[in-house]
Amino acid sequence: MNVQEIRSLFPALSRKVYGKDLVYFDNAATSQRPQSVIDEWNRISSESNANIHRAVHRLADEATQAYEQARDAVKDFLNASAREEIVFTSGTTAAVNLVAFCFGEAYVREGDEVIVTEAEHHSNIVPWQMMCRRKGAVLKVLPVDDSGHLMVEELGGLLTDRTRIVAVTHISNVLGIINPVKDIIAECHSRGVPVLVDGAQGAVHCRVDVQDMDCDFYVFSGHKLYAATGTGVLYGKKKWLEDMPPYMGGGEMVGTVSFAETTYAPLPMKFEAGTQNFASAATLKPALECINLLNNNELIKYNDTVRDFLLDRLTSDGRIRLYGVPRGTNEEKIPLFSFSVDGVHHEDLALILDKMGIAVRSGQMCAEPLMDRFGVTGMLRVSLAPYNTMEEAEYFVECLNRAIDMLV
Amino acid sequence: MTLIEAENAIVEEFSMYEEWLDKYEYLIELGKSLQDYPESAKTDDKLIKGCQSRVWLDHKIEDGKVIFNADSDAIITKGIISLLVGLYSGRTPQEILSSDFSVVEKIGLKENLSPTRANGLVSMIAKIREVAAYGTEGLV
Chain A
1 MNVQEIRSLF
11 PALSRKVYGK
21 DLVYFDNAAT
31 SQRPQSVIDE
41 WNRISSESNA
51 NIHRAVHRLA
61 DEATQAYEQA
71 RDAVKDFLNA
81 SAREEIVFTS
91 GTTAAVNLVA
101 FCFGEAYVRE
111 GDEVIVTEAE
121 HHSNIVPWQM
131 MCRRKGAVLK
141 VLPVDDSGHL
151 MVEELGGLLT
161 DRTRIVAVTH
171 ISNVLGIINP
181 VKDIIAECHS
191 RGVPVLVDGA
201 QGAVHCRVDV
211 QDMDCDFYVF
221 SGHKLYAATG
231 TGVLYGKKKW
241 LEDMPPYMGG
251 GEMVGTVSFA
261 ETTYAPLPMK
271 FEAGTQNFAS
281 AATLKPALEC
291 INLLNNNELI
301 KYNDTVRDFL
311 LDRLTSDGRI
321 RLYGVPRGTN
331 EEKIPLFSFS
341 VDGVHHEDLA
351 LILDKMGIAV
361 RSGQMCAEPL
371 MDRFGVTGML
381 RVSLAPYNTM
391 EEAEYFVECL
401 NRAIDMLV
Chain B
1 MTLIEAENAI
11 VEEFSMYEEW
21 LDKYEYLIEL
31 GKSLQDYPES
41 AKTDDKLIKG
51 CQSRVWLDHK
61 IEDGKVIFNA
71 DSDAIITKGI
81 ISLLVGLYSG
91 RTPQEILSSD
101 FSVVEKIGLK
111 ENLSPTRANG
121 LVSMIAKIRE
131 VAAYGTEGLV
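Taken in sequence, the protein lines are chains A and B.
Numbering-wise (this note's numbering), the first sequence opens with residue 1 and increments by one.
Numbering-wise (this note's numbering), the second sequence opens with residue 1 and increments by one.
Heads up, some of the hints might be wrong.
Straight-line alpha carbon distances no greater than 27 Å define the calculated DSSO-like cross-link-like pairs of lysine-lysine that follow [what the hints assert, rightly or not]:
1. Lys46(B) to Lys355(A)
2. Lys16(A) to Lys110(B)
3. Lys182(A) to Lys238(A)
4. Lys127(B) to Lys110(B)
5. Lys32(B) to Lys127(B)
6. Lys46(B) to Lys60(B)
7. Lys110(B) to Lys20(A)
8. Lys20(A) to Lys60(B)
9. Lys20(A) to Lys106(B)
10. Lys355(A) to Lys32(B)
11. Lys182(A) to Lys237(A)
12. Lys355(A) to Lys23(B)
13. Lys32(B) to Lys60(B)
14. Lys16(A) to Lys23(B)
15. Lys182(A) to Lys239(A)
16. Lys110(B) to Lys23(B)
17. Lys355(A) to Lys110(B)
18. Lys127(B) to Lys16(A)
19. Lys106(B) to Lys32(B)
20. Lys127(B) to Lys23(B)
The set of hints was computed from the structure by calculation and includes no laboratory data.
Looking at chain A on its own, in the form it has when it is part of the complex (with noise of 0.2 Å):
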C-alpha cells in the first residue's frame, strides 16, 4: 500500500481546518484512528455492549471474545511468552504507575535506589519519585547528553547493590532517538536488576520482541498507536506479575472473598479489577492490524525520504535549534523533531501554524526535567506517522520560515 492509500483508511486525514487541509503532525501526542478501530468500537457499543468475564450470556461472550482477542493480539506484536503476561490498563501512565505502587510494596526498602533518566516523560518519574517518597527510597538519575542522547556509559556507575529497578523510555517523546535499551537491560540484568521500558513512542515506531529485548516490563498506550483512547498495555514477566502484589482491589480481581480473608484472581485478572474499558480496548486488535498494514518496505522507504527531508531542513537552519540529533546513522532517529526557533516564542509558531492548517505541540511536553537539561522553558514538536506525507513536509517547512519570519 502507498502512502494515498493508507491515508484513505483515516478518515480524519481528509478534514479541513480554517479553510485548509489538515496537516497533522502531533501523532507522538495521539494518533489518527484508521475506520477499522472506530467500526470495531461502534460494533461493540451497538451489538455487543456487555459486561465482560461475568455473564453467561450472547452479549457478554461476544465482549468478552472481543476483548480477550485483542489480549492475544498484544501478545503476538509484543512476541511475549504467554497471553497471561498481557494486562490491559487505561494508558502508559496508569501501567507505570500499576508497577511503580506493586514493585515498590514487594521490593523497595528504605535507602534503596531507583534509576529513571533525564529524558523519561513525566510519566515515567512521578510514579517512581511517589514510590520512593513512600518508602524512603532514594531517585537517581541518569542524563543525556547534549545530542540528545542517554549517557549509558555514566550507567554502571549509578547502580549499586540497593538499586531495586530501571526505568527507562525506549524512545523520548521529546528526542526522538531510539534507546539502546537492549544493552541497557543487558548491563541492568548482569548487575540483576530488573528493567521497566517506557515504550508509549517505541510500540509506535518500533519492532518490539519484549523476549529478544529481554524487559522484564513493557508498558505503552493504544491511543498513540491507532487504538481507540483509554487503553494500554502492561507487558510483565511472569514472575514478577505473580510475585506483586495487585495493585487495586474490587470486581473480577479475586479468587475467593469473605470477610476474613480474600485471595487473588490468576494473571491477568489479578491486575484488571473493576469494569475494564472493554470496547477501546477491543480496538487494539484492529490496530495492531493497521500497523502490519503499516509495516510494509515500499511504506518505510517512503516514510524514510520524509524523515530525512525534515531532518536535513531542521539541521541546516542556522535559527532553529533541534533536540535530538541523530550521531550515526539517520536510523536512529524516529520521525520526531522538538526545536526552538532564536527569539521566538514556541508558543505563537504553534498558534500561527494551526492557523496554517498544521497541527504541532508547543510547549513543556510533559518534559520538564528535559527542558530545564537544554534551557528552555519549552519547545515546539513535530510528530509524523507514516501516514504523513513528502507534500505536508514541503508545506510545513515553507509554512514554518513564513511564521518565523513573521515573529523576528
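On the provided structure of chain A, position chain B as indicated by the hints.
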C-alpha cells in the same frame, strides 16, 4: 473616547481582517509596540496562571485611575494584552467594571485561540476586574 467607544473601535478594526494571519500580523505589531516592562516587576505575584506562555500584569493607581502595565514572553499573547492594556489602563475602576469585556469574544480571540490560551485570557481579564474592584473600595 469612552471605554465603550474604544471597545467598538477595536471591534471595527478587527473586522477589517478576514484572514487569521492578518489578525496575527496586527497583534504581533501591537505586541512589539507595548511599552517596556521592567524585569524587576516580573515576579511571581504578577504572573498570570493559565497561559502556556508567561504573562505578567502590574498596576498602580494614579489620580483615581488604574494604570496597567503588562508583558509576555510570547508575542501574540503580548499583542492581546497590549490591546487590553490600551483599553483599560488609565480608566477609573468604575469605568472598568462597567465593561462586559465582550470585546475579546467580538474580535474572535476567545474561540480561536487555543483553550490554554483562552484560559490565560480569561485569567487576565479576571485579574483586571479584580484590581478594579479593589480600586472601588480604595484598597489598592
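Practice task
Enumerate the violated hints, using their earlier numbering and listing them in ascending order.
Solution key: 1, 8, 18
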